[in-house]
Amino acid sequence: MGPTTIGVVGILVMILLFLTRMPVAYVMTLVGFVGFSSMVSLQGGLNLVAKEFYNTFSNYDLTTIPLFILMGQLVFGSGISTRLYNAAHMWLGGVRGGMAMATVTSCTAFGAVCGSSPATAATMATVGMPEMRRFGYRDELSAGAVASGGGLGMIMPPSVVMIVYGILTEQSIGKLFMAGIVPALVVTLLFIITIMIWCSYAPEQGPAGESFSWRARFRSLLSLGEVVFVFGLVMGGLFAGWFTPTEAAGVGVFGVLLASLARRQLTWRKFADALYETLRSSCMVMLLVAGATVFGKFMAITRIPFEVASWIGAFDLPAVVIVAMIILVYFIGGCVMDALALVMLTIPIFYPVIQMLGYDPIWFGIIIVLISQMGVITPPVGINVYVVYGVSRGLPGGAVRLESIFTGVMPFLGAIVVAIVLMTIFPQIITFLPEILY
Amino acid sequence: MFSILKVFDWLSGKMLLLGGILLVAMMALTCVDVVGRMFGYPVFGTYELISFMAALVVAVALPDTHSSKMHIGVELLTTRFSTKTQHIIELITDLVALILFAVVAWRMFLYGFKLRQSGEVSMNLGLPEYMVTLAVGFGFLFFTVAIVKSLVETLNKLKKR
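In the order they appear, the protein sequences are chains U and H. Take the first sequence: its position 39, counted from the start at 1, is 39 in the numbering used here, and no numbers get skipped. Here the numbering used here runs 1000 ahead of the position in the second sequence, where the first position is 1.
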């Protein structure tokens, strides 16, 4: 068998193993190890696994991940997320569907201090869904807004997918963060417009709530202080070159800790919970990265990435069509796989193609993040949908039906498609901020 | 068997606690380093210390992360099967995972010993890096114990039916 054939067999075996519900990280390690050993030597494969696992675990750049996850956990544990939601509610709650708008807006705000999409969805489901139920919102709108809004947590920097993309492609993580800000705001706006249109056709989904005085509204902004402070510190420090992304994360955690201690809202119990939750999530992510690295080594020697790139190049299609094809592949892949796992699996294959076509790697990174956010809400494997479903089981009023959530995310899915098309036609939406700042 | 598993639970709890302490230490060290650098006193060797601590943070969380089923899998097909079939599939995949990570643990120890023999030390502080590698090896060793534990649990579930 030639190297490419072994590679194709490896990919097929991997897909089969995924179907057994074996963890994605384990499968990638297994296939990468067996594939590498069969092509090089058993000794080579054995040396590879230990070395790659150790190097991934002790990679300085990746230490950002546990720290940014901890930051989000602490924001949740200290109740800052609830205050965010309340402030957004005061500003937007009065109009039809306003609380759903408040939910997506606070998802973006929460995303500014949290790097993970399911974590954002879980947090906002806990905070926002009971409130929306209290005001008679239908499950489709409320759960749909929470599940889709969770994706904003990933687009708004800091973001775990961006960190991993930056490391795999050797792009500046600071630049990627900067590039994510405007797209996150654009998507938030598109979500709000979606809710407006939806509620004008189906007013029963989100009845208008109470209005608040301007005084109360402005006063609510005061509670946003620590989020603005921490986000400003992290992004400002990164931009000014005071610190590396890892240091920014360390300082950010410290900032959140300080703020929540000042407000006396963090108990020992909640602090310990945040730490343990962070350990588990980080371990999950790091094992995924390590598995993808081992698998990537195997892919590299099969020459499949190279073959795919030259195969696509030989088509002589316009670049836009090729990019559209890649986006389609991600969309389909996102339906059955976790976003982060998918990005790590496919970057070694698609990144050379994008480079060959002359696209900006930063632009592609943000587009990937956007697409993977469609992945987290599309059936059958939309992780955010299951997260929202899981959280809703513990809420007053009982669980939301899964079908309701999947119906509810559809309009938002349309909004993300619009965003991707918009940013493909006008790549400046993504690139102008990092270009000005760097 | 059960008492051994209890010891394991206790131990994986303590490992998690250690991980928590390390996380806080990572945060504290970066902050002290950043602030110190502004005043011209950076903490020497922060880069290495952070990397080592991060490796340990992941290593100590390995067993608990498996036990609490945090790892992402594709639930497309298996949910359609009967509970019994699901358990049998789980038994097989756990067995495969057990072999895989036993190999990783074994090679991690060998890698650590190799580093020790070569007498390699970290660049700035001259710390013996092999100690961290061996600790990561222990993390993987306990990880395999966690997999054995879930194997036993799945077997028990199958027996009960």
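Everything labelled a hint here was simulated from the structure, so no lab data went into it. It is possible that some hints are incorrect.
[To be verified] Between beta-carbon pairs, the in silico distance windows are:
| id | chain 1 | residue 1 | chain 2 | residue 2 | range |
| --- | --- | --- | --- | --- | --- |
| 1 | H | 1006 | U | 189 | 51 to 57 Å |
| 2 | H | 1044 | U | 219 | 28 to 34 Å |
| 3 | H | 1113 | U | 422 | 54 to 60 Å |
| 4 | H | 1113 | U | 223 | 50 to 56 Å |
| 5 | H | 1042 | U | 44 | 36 to 42 Å |
| 6 | U | 414 | H | 1068 | 42 to 48 Å |
| 7 | H | 1041 | U | 134 | 49 to 55 Å |
| 8 | H | 1122 | U | 44 | 25 to 31 Å |
| 9 | U | 414 | H | 1113 | 37 to 43 Å |
| 10 | H | 1092 | U | 240 | 23 to 29 Å |
| 11 | U | 203 | H | 1042 | 56 to 62 Å |
| 12 | U | 222 | H | 1156 | 39 to 45 Å |
| 13 | H | 1128 | U | 217 | 56 to 62 Å |
[As the list claims (entries may be wrong)] Some chain U residues near chain H, calculated using beta-carbon distances under 8 Å:
| id | residue |
| --- | --- |
| 14 | 8 |
| 15 | 24 |
| 16 | 60 |
| 17 | 276 |
| 18 | 426 |
[To be verified] No more than 30 Å apart at the CA atoms, straight line, and that leaves these computed lysine-lysine pairs for DSSO-like:
| id | chain 1 | residue 1 | chain 2 | residue 2 |
| --- | --- | --- | --- | --- |
| 19 | H | 1114 | H | 1006 |
| 20 | H | 1006 | H | 1159 |
| 21 | H | 1160 | H | 1149 |
| 22 | H | 1160 | H | 1006 |
| 23 | H | 1006 | H | 1157 |
| 24 | H | 1149 | H | 1006 |
| 25 | H | 1069 | U | 51 |
| 26 | H | 1114 | U | 270 |
| 27 | H | 1069 | H | 1006 |
| 28 | H | 1014 | U | 51 |
| 29 | H | 1014 | U | 270 |
| 30 | H | 1069 | H | 1160 |
| 31 | U | 270 | H | 1084 |
| 32 | H | 1084 | H | 1069 |
| 33 | H | 1014 | H | 1114 |
| 34 | H | 1014 | H | 1084 |
| 35 | H | 1149 | U | 270 |
| 36 | H | 1149 | U | 51 |
| 37 | H | 1159 | H | 1069 |
| 38 | H | 1014 | H | 1157 |
| 39 | H | 1114 | U | 51 |
| 40 | H | 1149 | H | 1159 |
Since we're looking at a predicted model, the values are computed, not measured. Note that beta-carbon positions come from the ideal geometry of N, C-alpha and C, so glycine has one too.
Verification of the hints:
no., hint, result
1, 1006(H) x 189(U): 51 to 57 Å, "holds, 54 Å"
2, 1044(H) x 219(U): 28 to 34 Å, "violated, 47 Å"
3, 1113(H) x 422(U): 54 to 60 Å, "holds, 56 Å"
4, 1113(H) x 223(U): 50 to 56 Å, "holds, 55 Å"
5, 1042(H) x 44(U): 36 to 42 Å, "holds, 40 Å"
6, 414(U) x 1068(H): 42 to 48 Å, "violated, 36 Å"
7, 1041(H) x 134(U): 49 to 55 Å, "holds, 53 Å"
8, 1122(H) x 44(U): 25 to 31 Å, "holds, 26 Å"
9, 414(U) x 1113(H): 37 to 43 Å, "violated, 57 Å"
10, 1092(H) x 240(U): 23 to 29 Å, "violated, 54 Å"
11, 203(U) x 1042(H): 56 to 62 Å, "holds, 60 Å"
12, 222(U) x 1156(H): 39 to 45 Å, "violated, 55 Å"
13, 1128(H) x 217(U): 56 to 62 Å, "holds, 59 Å"
14, 8, "violated, 20 Å"
15, 24, "holds, 5 Å"
16, 60, "holds, 5 Å"
17, 276, "holds, 6 Å"
18, 426, "violated, 34 Å"
19, 1114(H) x 1006(H), "violated, 34 Å"
20, 1006(H) x 1159(H), "holds, 21 Å"
21, 1160(H) x 1149(H), "holds, 17 Å"
22, 1160(H) x 1006(H), "holds, 21 Å"
23, 1006(H) x 1157(H), "holds, 18 Å"
24, 1149(H) x 1006(H), "holds, 10 Å"
25, 1069(H) x 51(U), "holds, 25 Å"
26, 1114(H) x 270(U), "violated, 42 Å"
27, 1069(H) x 1006(H), "holds, 18 Å"
28, 1014(H) x 51(U), "holds, 27 Å"
29, 1014(H) x 270(U), "holds, 18 Å"
30, 1069(H) x 1160(H), "holds, 22 Å"
31, 270(U) x 1084(H), "violated, 38 Å"
32, 1084(H) x 1069(H), "holds, 19 Å"
33, 1014(H) x 1114(H), "holds, 29 Å"
34, 1014(H) x 1084(H), "violated, 34 Å"
35, 1149(H) x 270(U), "holds, 28 Å"
36, 1149(H) x 51(U), "holds, 27 Å"
37, 1159(H) x 1069(H), "holds, 21 Å"
38, 1014(H) x 1157(H), "holds, 27 Å"
39, 1114(H) x 51(U), "holds, 11 Å"
40, 1149(H) x 1159(H), "holds, 15 Å"
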